[in-house]
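S.K.: Protein chains in written order, with the working numbering: chain A, 1 to 486; chain B, 487 to 718.
The hints are simulated quantities; they were obtained by calculation from the structure and are not laboratory data.
Quick caveat: nothing in here was measured; it's all calculated off a predicted structure.
Treat the hints loosely; a few may be bogus.
Calculated Cβ distances over 12 Å to all of chain A for the following chain B residues [stated by the list, open to error]: (1) E525; (2) V568; (3) Q580; (4) K641; (5) T645.
Partial pick of chain B residues on the chain A-facing surface, computed with a CB cut under 10 Å [what the hints assert, rightly or not]: (6) G496; (7) L530; (8) Y531; (9) T533; (10) L538; (11) T556; (12) V599.
Cβ atoms here follow ideal geometry from the backbone N, Cα and C, with glycine treated the same way.
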Amino acid sequence: MSATISQSQPAGTAPDANPAVSPAETDLSARVLLLLFLSAALWLVGGSVLGLISSLNFHKPTLFADCAAFSYGRSHPAAINALLYGFAAPAGLGVLLWLAAHLGQAKLTGIPLVILGWLLWNVGVTLGVVGIFLGDNTGHEWLEFPRYASAFLFAGYLPIGLAGLLTFKNRQPGPLQMAQWFILAAFFWFPWIFTTASLLLVIWPVRGVMQSVVGWWYMNNFGNVWLVLMGLAVGFAFAPKFAKAPLYSRDMGLFTFWSLILFGSWAGIPAAAPVPSWIPAVSTLGAFLMVAAILATFLNLTKTLRQADRHAVRTIPELFIPFGVLAFTVASLMAVVSQPIAVSVVTNFTWFIPAQQEMLVYGFFTMTMIGAIYYIVPRLAPVAGTDLLLGKASFLLCAIGVLFYVVPLAVGGIIQGSSMNDATVPFLNVVKGSLMAIRGSTLGELLMILGNAIFLLNLILMLFRFFKTSTTVFLAGANKTVGVGA
Amino acid sequence: MNQGPLVFLGTFFALATAWFGFILQPELQIGSQQPFLIEDSGQLYPTKPAGLAKQGEDVYRANGCFYCHTMQVRPQGLGGDVARNWGARSGPVQSVSRDYLYAEPAMLGSQRVGPDLTNIGLRQTNEVWLLQHLYNPQSLAAGSTMPPYRYLFAKRKTTPGQAPSKDALPPDNNLPGYEIVPTDDAKALVAYLLSLRSDGILYEAPTLYVKPATAPAATTTNASPAANSPAK
Chain A
1 MSATISQSQP AGTAPDANPA VSPAETDLSA RVLLLLFLSA ALWLVGGSVL GLISSLNFHK
61 PTLFADCAAF SYGRSHPAAI NALLYGFAAP AGLGVLLWLA AHLGQAKLTG IPLVILGWLL
121 WNVGVTLGVV GIFLGDNTGH EWLEFPRYAS AFLFAGYLPI GLAGLLTFKN RQPGPLQMAQ
181 WFILAAFFWF PWIFTTASLL LVIWPVRGVM QSVVGWWYMN NFGNVWLVLM GLAVGFAFAP
241 KFAKAPLYSR DMGLFTFWSL ILFGSWAGIP AAAPVPSWIP AVSTLGAFLM VAAILATFLN
301 LTKTLRQADR HAVRTIPELF IPFGVLAFTV ASLMAVVSQP IAVSVVTNFT WFIPAQQEML
361 VYGFFTMTMI GAIYYIVPRL APVAGTDLLL GKASFLLCAI GVLFYVVPLA VGGIIQGSSM
421 NDATVPFLNV VKGSLMAIRG STLGELLMIL GNAIFLLNLI LMLFRFFKTS TTVFLAGANK
481 TVGVGA
Chain B
487 MNQGPLVFLG TFFALATAWF GFILQPELQI GSQQPFLIED SGQLYPTKPA GLAKQGEDVY
547 RANGCFYCHT MQVRPQGLGG DVARNWGARS GPVQSVSRDY LYAEPAMLGS QRVGPDLTNI
607 GLRQTNEVWL LQHLYNPQSL AAGSTMPPYR YLFAKRKTTP GQAPSKDALP PDNNLPGYEI
667 VPTDDAKALV AYLLSLRSDG ILYEAPTLYV KPATAPAATT TNASPAANSP AK
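This is chain A alone, in the form it adopts within the complex (with noise of 0.2 Å):
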């Protein structure tokens, strides 16, 4: 039932290279990414629980004025943090290894680094949240984390990276797949900028307004870039396998990981930011260089996707992952066009920001993840004849969640900054005009959440099952030797 999901025999095999393993084995040495997703899935619902009261403070500001944990402050960046380090690093990983096991026909190496790794970071993730509630935020975006939480993750990550690279190494000999590009940037790219950021910003902070520029950086190249590698992943790697025929152009695909690696990591300084006029111009030259990438990845996976039979049922996994190709193309797009001076004037500082950033994590990063978990699990926990509960409202809950999100605070951002740059309608008017869109959006966040429970629901299900049937027959076993009956 576990079909491989690689496209390509190894022409000729090494004297010394490792057996090819079957997809089933594969899957059988890969259970421990069980704790990875349960964990994501976990903090997902937690993140996006916390998203929704830091939101409450929208709808009723002295709501939490006695309550320094859940005042805005504090409980929005705390959300962020939760979904970004909580479920989102994890949930990527998690597929990475799994993909970068079966690409490589080989069996997953290095599990007790996983389940270290997986513990480290998971203790992390906690301190960090607490310490945010209890204010040791540490003032930088993105990496609001307190020092003795980022020592955690980086801990944490050092092993679940060097599980990577060993099952990378084991793979079968021949030419990569392009999956397999992104996956091995993608286990490079975040130690080293979390590292650079941590030490720059954290641990010998760089002075002044160069701690700005170190922040820019950092969510680029976690957001814009590691998260897109991860993403794109597995993109290129199911398309294919969806459609069953081969990916559309491997050409373009380079072009894509090429673009993304060397000019998507320079995107994300503000256009007006008070540094030397060169690094915002530079900045802006490389989102630029990106959209020919942007669009030659949407036509690749899309013109891949559509060699599909057109009247064969979806499964679930079907619905995630193209949405999210979807979503990668207008949060990239997104970002690009707000990124020159003619437009970062009206969409810097409003809205807009959150707008991109929750089309990029949540529509495109999450939605493709849950759609690769959902197709990863069964497949490592099986249980015979049993449909995701619920799949398709799952779907369509976080699908239009993150629309009634989005296209409010984009439009409502776009108006938030032409007013402000007008200085004669006065400043608490901006502030209520903004408010019907902030309200709105809300209910996006209400929508989403509901999704994310049906996830973790499912995923708590499916091992339930899982357990249950393996102890069944193991209880079985026990259950003739000592003669009980039920």
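Please build the complex by placing chain B on the supplied structure of chain A, with the hints as guidance.
M.R.: Chain B alone, transformed into the frame defined by chain A:
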């Protein structure tokens, strides 16, 4: 061909260029900036925040004020920052890198749910107003979405006839029998807000400063070189 090394080297090269370009190069250019000596007054700008204001910076960070407030005035002609009177300098009044020399951490912010606070210490010099606004923003700005920070204040029962505490907020008719006293954190935060002002004179963003160079430098050979080209 085994492309593993190619991907590895390519990734490494990409990371290295991004790092050299966006971390090392800016650090070399502005990382070692020094405060600027204002010739007329002999004062340095920016000044190191001290004492209570320094503690207030921590309160500002811990409570995430920077998720709703920026500290960056954009140049004239870019948006309404200057027209809204958020700047402090006349002429090209934008924030420049040197303004943040002593910010720990630099909290430029990314959202303007509330107004820019670069120069709140110039705009609003009344400590009591700031405290009261912190305690109940809606009482001073009807319809504000800023959350009240009641947890930074102590609510104490008063006995009739008792003199109010020295630093209590002005009595509130809605709360008979109680007085509202700012905690140390609230006082530090307000001291920090009062210290926020970027009216120092910088050659990157000149102001009141009339350059002697209006007389061509070539004819007045002994024009103070320091005045024409202040040390970087």
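S.K.: For every hint, state whether the structure bears it out.
M.R.: Hints and how they fare:
E525/B, annotated as away from the interface, keeps every beta carbon of chain A farther than 12 Å; the closest lies near 22 Å. At roughly 8 Å from the closest C-beta of chain A, the C-beta of V568/B falls inside 12 Å, breaking its exclusion from the interface. A beta-carbon of chain A comes within 12 Å of the beta-carbon of Q580/B; the shortest separation is about 7 Å. For K641/B, the condition that its CB be more than 12 Å from all CB atoms of chain A is violated, with the nearest at approximately 9 Å.
Chain A leaves T645/B outside its interface by the beta-carbon criterion, the shortest separation being 24 Å against a cut-off of 12 Å. The beta carbon of G496/B comes within 7 Å of a beta carbon in chain A, closer than 10 Å, and the hint placing it at the interface holds. Hint on L530/B is violated. Least Cβ distance to chain A is approximately 14 Å, over the 10 Å limit. Interface hint at Y531/B: violated, since its Cβ lies 13 Å from the closest Cβ of chain A, which is beyond the 10 Å cut-off.
Hint status for T533/B: violated, given a least beta-carbon distance of 14 Å to chain A, over 10 Å. Using the Cβ-Cβ criterion of 10 Å, the hint placing L538/B at the interface with chain A is not satisfied: the shortest such distance is roughly 18 Å. Here the hint on T556/B is kept, as its CB sits about 6 Å from the closest CB of chain A, short of 10 Å. Checking V599/B against chain A by beta carbon gives a least distance of about 7 Å; that is within 10 Å, so the hint holds.
Consistency note: the structure conflicts with the earlier hints numbered 2, 3, 4, 7, 8, 9 and 10.
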